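Visitor: So the protein lines, in turn, are chains A, B and C. Start counting the first sequence at 1; every next residue gets the next number (our numbering). Start counting the second sequence at 1001; every next residue gets the next number (our numbering). Start counting the third sequence at 2001; every next residue gets the next number (our numbering).
The reader is advised that the hints may include incorrect statements.
Among the chain A residues that face chain C by a calculated CB cut under 8 Å, a handful are [said to hold, decoys possible]: (1) ALA8; (2) SER12; (3) VAL14; (4) LEU30; (5) ALA203; (6) PHE204.
Listed below are several chain A residues computed to face chain B (Cβ distance under 8 Å; list not exhaustive) [claimed, not checked]: (7) GLY49; (8) PRO53; (9) GLY56; (10) SER69; (11) ILE74; (12) ASP89; (13) VAL90; (14) ASP101.
Worth flagging that the hints you see were computed from the coordinates, not collected in a lab. Keep in mind the model is a prediction, meaning the values are calculated, not measured. Even for Gly, the Cβ is constructed at its ideal location relative to N, Cα and C.
Spelled out from the first residue to the last, the chains are:
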Amino acid sequence: MLKVRDIAVERSGVPVLSGVSFDLAAGHALILRGPNGIGKTTLLRTLAGLQEPTNGTCEFPVDQAAYASHADGIKTALTVRENLSFWADVYGNTVPDVIWDWFDLGDLRDRFAGTLSAGQKRRVGLARLGVISRKVLFLDEPTVSLDGFSVKLFSSFMRDHHLAHGGVAVIATHIDLGLGEAQTLDLTPFAAQDDGPSDSDEAFL
Amino acid sequence: MIALLLRDLRLATRAGGGFGLGLVFFLIVVVLVPFGVGPETAILSKIASGILWVAALLAALLSLDRIFALDFEDGALTLIATAPIPLEAVGLAKATAHWLTTGLPLTIAAPVLGVLLQLPANGYSFVALTLLLGTPALSMIGTFGAALTVGIRRGGLLLSLLVLPLYIPTLIFGAEAARRGTAGLDATTPLLMLAGITAGSIALLPFATAAVLRINLR
Amino acid sequence: MSLWEYANPKKFMGWTGPVLPWAFGAAGVCLAVGLFWGFFLTPDDYRQGSTVKIIYLHVPSALMAINAWMMMLVASLIWLVRRHHVSALAAKAAAPVGITMTLIALMTGAIWGQPMWGTYWAWDPRLTSFLILFLFYLGYMALWAAIDDPDTAADLTSVLCIVGSVFALLSRYAVNFWNQGLHQGASLSLDKEENVSDVFFFPLLVCIAGFVLLFVALVLLRTRTEIRARRLRALQLREVRT
């Protein structure tokens, strides 16, 4: 479902990763590992189409893809329900009633997002993924500021409601999500060799 | 696109949304002008339509940096950019929301404030008509400027510097039409030019807005 | 060899190095000859007296103020379409030269306007257009200065230059409509009736050639500086990573 071949990415003009390839069949997740600054975020942004890869190709059904950055994009002046129904409208869905149970948001649904704690806001941000129901997810540090219980909620959402329905996900995270058959890709060997500056700077050397 | 427009309208009218600030600014500028130029009715009624146009333009400028900056800071803009809405439509929706929360209220308020400036009787309809035709262009051009400076920290001042020269043709034709109409002269040509600028801006600037947003989100 | 290869930064540095002194030399000779000829060897105008001689500075600088923006527009388009780095840097390098030309045109115009029209400034369409052009230059340069990443800055300023050109042109028509001016008609045109007489015309042509050469020389010099600065940045980045 997701096929990445020999992809190379750069962050503000500096190459960070090169030669990354992987395949992901429906129902599988890929966990990206590697030290800070290795380029996990940059790779995910590239896959999500926010920037162009400097080399390589990636194939997946673009109209089924969605991206979640480490910022939630939650509007503090809107209620939880309004936040989620905005994303539902944008993606042409409605907010499913089960979403409140999946992410334990039942009591919070009419609270203003500005009054939520960081972890609660994060849960709203993740609930967005359940609302937009896309098959290919690119998730950047989804569990930041979540407690153990919330991580379990997120894991079971991913396992039972996303992967089990034939979705795939590429997730950058440092913790064990307990996703069972998830593959792991350590990006350290793909760090761009210092074989020269980026395309942009190269011309000047 | 409708969803984004509705969300922005809702955000603008909630606490901290800044709705009405532009209107208050408009009021204050109009009140300050007689203190600056003196209270003579003859002078005020002569410059009233121009003052209303300049003040409305500055009031519209005031809220431009909110158009994209807030969504950029909390990450919503990135998520919107990867959502199934073309960025051109995002630009258009943002400009429409800005116009509905700023341009339209200014248009409605301008004739009321015209009373303070001794606007001649036949000027009211022309000031309202020219602002109605011209403020959409101000919102669209401003949205382009806001997209251009979205990645720059404290870009508000730069935004004004970039947008104000772009506002010049709209201001000239808008204020000229209002002035001619107020003086009882034929205002057809400047009105048509003003409408042309608005139509052209709405047709073309969403593409430029989307292009600079893409560059800034890279 | 394709013409575009001259736009490779290394090639550009190579061929502009030897050209630069010649460009400055030719500009100096043209300006010296043109200004001396114009100031001392032409008669006074029967109406305007000796004040007319300021056209040898005013007309060429006004021409170059517009041409510099045109050049920036072309360079911006080349950057957006073909992504030649030198093109983007040349646009950046031309802006301060262009704004200086605009200022010279505005100031010589003011000095000339005082004895002729009895005022330093009037909201005449031509004067106003140049003031607006000055504002566009300011915005363009401010945007370059505000962005750290050179490629992002080049992209954004290029889009601004294109959109700005459209609005600058609109402003030109708007101010024409807004106020019929005091300014005389074109100093140079193909229509013989309107033209300045030959006595003034030939030294003026030499001065224009001098200003064009001076502009070319200054832009080449500044582009070379920008290329060196960019190279320095690239070297520092490499240093950091090893």
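Visitor: For each hint, tell me whether it holds in the structure or not.
Guide: How the hints compare with the structure:
1. ALA8: violated (16 Å)
2. SER12: Result: holds, 5 Å to nearest chain C Cβ.
3. VAL14: With a closest approach of 6 Å, the VAL14/A hint holds.
4. LEU30: violated (27 Å)
5. ALA203: The hint holds - ALA203/A has a Cβ within 8 Å of chain C, the shortest such distance being about 5 Å.
6. PHE204: Status holds, d = 4 Å.
7. GLY49: Status holds, d = 6 Å.
8. PRO53: violated (12 Å)
9. GLY56: It is violated, given that the least Cβ distance between GLY56/A and chain B is near 18 Å, above 8 Å.
10. SER69: Holds, about 5 Å.
11. ILE74: holds (7 Å)
12. ASP89: Hint holds; ASP89/A Cβ to chain B Cβ min 3 Å, cut 8 Å.
13. VAL90: holds (5 Å)
14. ASP101: Violated, because the Cβ-Cβ distance from ASP101/A to chain B comes to roughly 24 Å (cut-off 8 Å).
Against the hints set out earlier in the document, violations occur for numbers 1, 4, 8, 9 and 14.
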